[in-house]
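Just so you know, the protein sequences line up as chains H and F, in that order.
Quick note on numbering: this note's numbering labels position 17 of the first sequence as 17, and the sequence is numbered without any gaps.
Each number in this note's numbering comes from the position in the second sequence (counting from 1) with 1000 added on.
I should point out that these hints are in silico values taken from the structure, not numbers from a laboratory.
For glycine and all other residues, C-beta sits at the position ideal for the given N, C-alpha and C.
Wrong hints could be hidden among the right ones.
Simulated restraints on C-beta separations [stated by the list, open to error]:
hint : chain 1 : residue 1 : chain 2 : residue 2 : range
1    : F       : Ile1021   : H       : Lys202    : 25 to 33 Å
2    : F       : Pro1063   : H       : Trp79     : 46 to 54 Å
3    : H       : Trp79     : F       : Met1001   : 24 to 32 Å
Derived contacts from chain F toward chain H, CB cut-off under 8 Å, selection only [stated by the list, open to error]:
hint : residue
4    : His1031
5    : Met1035
6    : Val1042
7    : Gln1079
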Amino acid sequence: MDFIFIITSLLKIAILLGVILFMVSYAVYAERRVSAFIQDRLGPNRVGPAGLFQPIADMFKLLLKEDFTPRSANTFYYWLAPCMAVAPAIITIAVVPFGSTLFGVPMVIADVNIGIFFVFAISSLGVYGIVIGGWASNSKYPFLGGIRSSAQMLSYELSLGLAVIPVFLLVGTLRLTTVVRYQVEHGWFIAPFVGDWTNPWKWLLAIPMIISFLVFMIALFAETNRLPFDLPEAEQELAGGYNTEYSSMKFALYFLGEYAAMITGSAVVVTLFFGGWHFPGIPDGSHSWIFGLINIAVFFAKVGVVIFFFMWVRWTLLRFRWDQLMRLGWLFLFEIALVNIFLVAVIFL
Amino acid sequence: MTVTVPRPRLNWRERLYLPAIAAGLAITFKHLKNMLLGRTKVTMQYPEQKWDAHLPDYYRGAPALVRDASGRVRCVACQLCEFICPPRAIKIIPGEIPPRDRFAKVEKFPQEFDIAMIR
Chain H
1 MDFIFIITSL LKIAILLGVI LFMVSYAVYA ERRVSAFIQD RLGPNRVGPA
51 GLFQPIADMF KLLLKEDFTP RSANTFYYWL APCMAVAPAI ITIAVVPFGS
101 TLFGVPMVIA DVNIGIFFVF AISSLGVYGI VIGGWASNSK YPFLGGIRSS
151 AQMLSYELSL GLAVIPVFLL VGTLRLTTVV RYQVEHGWFI APFVGDWTNP
201 WKWLLAIPMI ISFLVFMIAL FAETNRLPFD LPEAEQELAG GYNTEYSSMK
251 FALYFLGEYA AMITGSAVVV TLFFGGWHFP GIPDGSHSWI FGLINIAVFF
301 AKVGVVIFFF MWVRWTLLRF RWDQLMRLGW LFLFEIALVN IFLVAVIFL
Chain F
1001 MTVTVPRPRL NWRERLYLPA IAAGLAITFK HLKNMLLGRT KVTMQYPEQK
1051 WDAHLPDYYR GAPALVRDAS GRVRCVACQL CEFICPPRAI KIIPGEIPPR
1101 DRFAKVEKFP QEFDIAMIR
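The shape of chain H in the complex, shown without the other chains (with noise of 0.2 Å):
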C-alpha cells in the first residue's frame, strides 16, 4: 500500500462522487424535460437559462420542508431505511472501469477480481432500504408497496444474474476491466465491428449477446424500479408506495438512491455491453493524457444516451399488472436467460 496509490484513491473517489450526485440531480432535471417533451409540454424552463438551476432550486425546497416523523413509526428504522437506499446504489460504482488511464492511473476505484459479483451482491441490498423503509412507516401503502418490491426483487435479480453469464463465458473473467479490454480487442458485445469482424462465427455469436442484452436491461428497469416495473412505487395504486410518509431529506434520500441506482445501473450496462469507455479509432490513455481524459467523456456519454432510454421507455410504457410482472420474470425471461447461456456456451465451443 504506497503513499500515492492511497492519494490518488480518495481523488477518485471524491470526484466520482462528485460527478455522481452531480448527474443525480441533473437525471432529475432531465427526467421532467424529457417527460414534459414526450407529452408535448415544456417543464421546468423559469430558473436559470433553460430551467438549468431548477435542481438547485429543488434542492433547497427539500432542505427547508418539515421533516416530519409520524407518531406510530418505528424511528430508528424510519431514520435508517433512506441511507440504506442510497449507499448501495453508490458503492456499486466503486468497481466499474469510467475511464482507461489518466497520467499512468487507472480509471477505476476498486479494480476487484469478482467485479460483476460485487455488483450484485451489493446493489441488491438496496432492496431493504425501501422494504425496511415501508415496513418502519408503519402505514398501509409503504407497507404495500415495500411488500411489492422485495417479490419484485426475487424474480428479477435471478434473470439479471443469469443474462449476464454469457459475456463472462466469453471473457473468461469477472474483473470488469478485463470485460471492457476483451470488448476493446473484439469489438462490443452488442456490436462486434472491430477486431476479426469478417469472422462468421463472432456474428453468430452477437444474436445471443443481444437476447442477453435484452433480458438484461429489462431485468435492470425491474432492479431500479423504473416505469414499466415501478410496482413499489405505483403513483396511482399506492400514493407514492414506499415513500408515501417520507418527507423533506429522507424523501430527497431515496429519490438520490433511486437515480443513483439507475445511473449506476447504466453504467453496468455500458461496462458489459456497449464496450464501457471503448470508442472505435479512440486510443487509451496510455498514449496521451488527452485520450485518457475522452475516454472518461465517452464511458459518461454512453452511460448518459443509456439514461436517456430509460427516461423514454418510462414515459412510454404503462406500468405491468403485478401477476403479469411475476408471470414476464419466472416464465419467460428466467427461461429466456438459462437458455441463452447453453446457446452461447455450444456457438463458442
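Add chain F to chain H, keeping to what the hints say.
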C-alpha cells in the same frame, strides 16, 4: 347473465410484445423530436405572451353583464345564478321596466347585480 368476452387471438408477433414496444417508443420519440425542433406549439408562456396583446394593464378578467345590439343589458334578472351560486356571492335586485319603455313587456332587468369577488 354472464357474458364471456372473447379474447382476441394474438399471433406470435403480437405475443412477443417487443414490436409493440418499439412502435410506442417511435411515437414518443416523434413527439420529443417535434418538441425539440419547435414544431409543437401548445404551451403559452403566460406573462410574456397573451392571447390578446391589446388588453389594458388593469384587465383582470372580471365578469361583466353582456349587452345586446341595442345596448340593453341582456340579463333578465331571473335570479337563477344567485340561487345556484355555492358561496352565495351574487346579489341581484330585479327591477320592473317602466311601462313607457320600448321593452316594457319583455322581462325584468337587474337594478343591482353585485358579485362579491372576495367571498
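Right, here's what the structure says about each hint:
1. The supplied range of 25 to 33 Å is met by Ile1021/F and Lys202/H, whose beta-carbon atoms lie about 28 Å from each other.
2. Under the hint 46 to 54 Å, the C-beta atoms of Pro1063/F and Trp79/H, about 52 Å apart, fit the expected range.
3. Between Trp79/H and Met1001/F the beta carbons are some 57 Å apart, a value that contradicts the proposed interval 24 to 32 Å.
4. The beta carbon of His1031/F is positioned within 8 Å of a beta carbon in chain H (closest approach about 5 Å), and the interface hint is therefore held.
5. With a cut of 8 Å, the hint placing Met1035/F at the interface with chain H holds, because the nearest CB-to-CB distance is about 4 Å.
6. Hint status for Val1042/F: holds, given a least beta-carbon distance of 5 Å to chain H, under 8 Å.
7. Proximity of Gln1079/F to chain H is violated relative to the hint, the smallest CB-CB distance being about 42 Å (cut-off 8 Å).
Consistency with the previously given hints fails for numbers 3, 7, ordered from lowest to highest.
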